[in-house]
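Asks: Listed here are the chains, written in short residue letters.
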Amino acid sequence: MNVVVCVKQIPDPADPGALDPNTKTLKRDVKLILDESDSYGVEMALQLVDTAGGGEVTLVSMAPNSEVGGLRTALAMGAAKAVLVSDEALAGSDALGTSKVLAKAIERAGEADLIITATESSDGYTGTVPEQIAELMGLPSITFAKSIAVEGGTVKVQRQTEAGYDDVEAPTPAVVSVTAGVVEPRYPSFKGIMAAKSKPVDEVTVADLGIDASQVGWAGAGQEILEIAAAEEREAGTIVEDDGEGFQKIVDYLAELKVI
Amino acid sequence: MRFAPTEEQTEFAAATGALLADTCPPSAVAAAWGGEVGRHTGLGDGDGRIRAAWDALVEMGVNGILVPEQQGGLAMSLDHLVGVLEECGYSALPDPVADSAGVVAHSLGQCSDTAPDVGAVNDTLAAVAAGSTVVSGFGSSPLVASATTADTLLMFTRDPTRVDPDAPADPAADRVVLLDRSEVDLEPVESVDGSRALARVRWDAASGACVAQGSAASALTDEAFLVAALADSALLVGLGRAMIDLTVSYVGERKQFGVPVGSFQAVKHHLADAALAVQFAEPLVRNAAHLMSGGVAVEAPGSIPTDSRSVAVSAAKARSSDAAKKVTETALQCHGAIGYTVEADLHLFMKRAWALARSHGDSAFHLKRVRRQLLAG
Chain A
209 MNVVVCVKQI PDPADPGALD PNTKTLKRDV KLILDESDSY GVEMALQLVD TAGGGEVTLV
269 SMAPNSEVGG LRTALAMGAA KAVLVSDEAL AGSDALGTSK VLAKAIERAG EADLIITATE
329 SSDGYTGTVP EQIAELMGLP SITFAKSIAV EGGTVKVQRQ TEAGYDDVEA PTPAVVSVTA
389 GVVEPRYPSF KGIMAAKSKP VDEVTVADLG IDASQVGWAG AGQEILEIAA AEEREAGTIV
449 EDDGEGFQKI VDYLAELKVI
Chain B
1260 MRFAPTEEQT EFAAATGALL ADTCPPSAVA AAWGGEVGRH TGLGDGDGRI RAAWDALVEM
1320 GVNGILVPEQ QGGLAMSLDH LVGVLEECGY SALPDPVADS AGVVAHSLGQ CSDTAPDVGA
1380 VNDTLAAVAA GSTVVSGFGS SPLVASATTA DTLLMFTRDP TRVDPDAPAD PAADRVVLLD
1440 RSEVDLEPVE SVDGSRALAR VRWDAASGAC VAQGSAASAL TDEAFLVAAL ADSALLVGLG
1500 RAMIDLTVSY VGERKQFGVP VGSFQAVKHH LADAALAVQF AEPLVRNAAH LMSGGVAVEA
1560 PGSIPTDSRS VAVSAAKARS SDAAKKVTET ALQCHGAIGY TVEADLHLFM KRAWALARSH
1620 GDSAFHLKRV RRQLLAG
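Protein chains in written order, with the working numbering: chain A, 209 to 468; chain B, 1260 to 1636.
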């Protein structure tokens, strides 16, 4: 069974960098690492391929400056190869633009029985890319998977809900987004780290994928970032000295809020 | 000469650090404390081991770094191991990675063709890579950390810290053997570091599987002792870094006069001095590992030719022991009274550093060795 995992390489959350006031986006010229939320998808894919007894895991990523730091981590965990889309034309891409690129890159990665993504990235948080990829590729989409099993041509998913989980099935290939914490991502072994250096990373541009550059990046973005500002600091609350009548002040306050 | 770590060595260390951050938090180290000290401090009745961390390290490949490929190892050099050991020190891992993956794997790897009992040597090497715990001891009844949980002990008849350099004993009398834990007599001994699981090992040099004897044993003893001192140095550098990080974090939180105490120059200067001591020790450790891995030394113009490996290791051990001592003093001072309590994590690191600074020769011993070899040259 072949599984494609979409992984994002993000600035290290421990050293998150800053927003660029000109482009109003996150500065991404620092060394990028594998988004932790994607490590669950990689682990899930590796387990599925192990269970199936054959096949391989292929990574798909879009990142500036030919960045492979995060891909190497996932390759060291056991993924077989990667497709990296890196192109200056992609700067400023919104979620839909990203999805168009990833969909094409997934096709380039070869026949896949399953496409796994995280629910959302840890630096962007739009949470819409998995569903957009599925729509663009004409595939079923299942979100918030806490466990995945593939039997025959069917993917069976326990889909996390607020109350518990739903059992959901879809024909393969399908796009499934997994929630964080559902599996324990393995530590890359030293042999894995050494082997990762020689695993193939197919680096492609927007043109290689047959995408019109005007459809992606700033040119194709359907959104515009008007302003960025620091979050307001929380204001200190009111402190009431209780002189024996403190309860009345609470009652008055709640009445003012029309709670009572 | 290049003794900065390669990209691969940096990745090995980073992977080890990430694993230990998850599997070896200070609470796990405290739970590994045992014996009288453990009971007295109320920390626990552990046996000086964190199995989850050890098993994960074995799976990652740490224990086989120096083991030859034929025995299932990675056949790499001490250059690769020191960065990993610094991370073990940084998390205060009590398990004997430095002994099993360092001293034992290196020593046995040296004589995997020549040992009188080649079978036992190669079997033990394979067992080390697969996660067996093998510790080492020098002398007729040495104190050995983690001996009580070891599967096998690699014992050297000669303790290089107890030999008079002006009247060395006959090398022909040296012998190195492998002994099963059931073949030795263990007497638990309290250590300042309650997770050290220290024991006095009484053993019979005529028993066990012979690894080397005579001049070969003498050379192997000297080599193993250098690796042991180097491994301690790497652990001490990691411990020093950890204590500085702990203290910087603490003085950023603790407030006096309405501001964090870390904003006071007196605190900043103390910590800067301590950080400097560790940063000066680390290149010496890397240099010693580079030379011990077969690297070539560059003699500074006009310098005295020496047995550079031996001098480099002694310089590293002296400097890292002194640095660790300096850091413990500073960290304790900057923590204030809380630093004296067993509830604060600092003591886990501090006590390990005290123990390791004296292990395999203290700073004074190694400085004398450096002096003697320079003057002899």
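Simulated from the structure, these hints should not be mistaken for laboratory data. Don't be surprised by glycine CBs; every beta carbon is placed ideally from N, CA and C. Take these hints with a grain of salt, some might be off.
What the hints assert, rightly or not - Now the stretches of chain B that chain A is said to cover, found in silico as 3 or more residues with beta-carbon under 8 Å:
| # | segment |
| --- | --- |
| 1 | 1264-1278 |
| 2 | 1311-1322 |
Said to hold, decoys possible - Listed below are several chain B residues computed to face chain A (Cβ distance under 10 Å; list not exhaustive):
| # | residue |
| --- | --- |
| 3 | D1281 |
| 4 | L1535 |
| 5 | V1629 |
| 6 | Q1632 |
Asks: If a hint holds in the structure, say so; if it does not, say that too.
Replies: Comparing the hints with the structure gives:
no.	hint	in the structure
1	1264-1278	holds (count 6)
2	1311-1322	holds (count 5)
3	D1281	8 Å, holds
4	L1535	23 Å, violated
5	V1629	34 Å, violated
6	Q1632	35 Å, violated
In summary, the structure is inconsistent with hints 4, 5 and 6 from the numbered list given earlier, while agreeing with the others.
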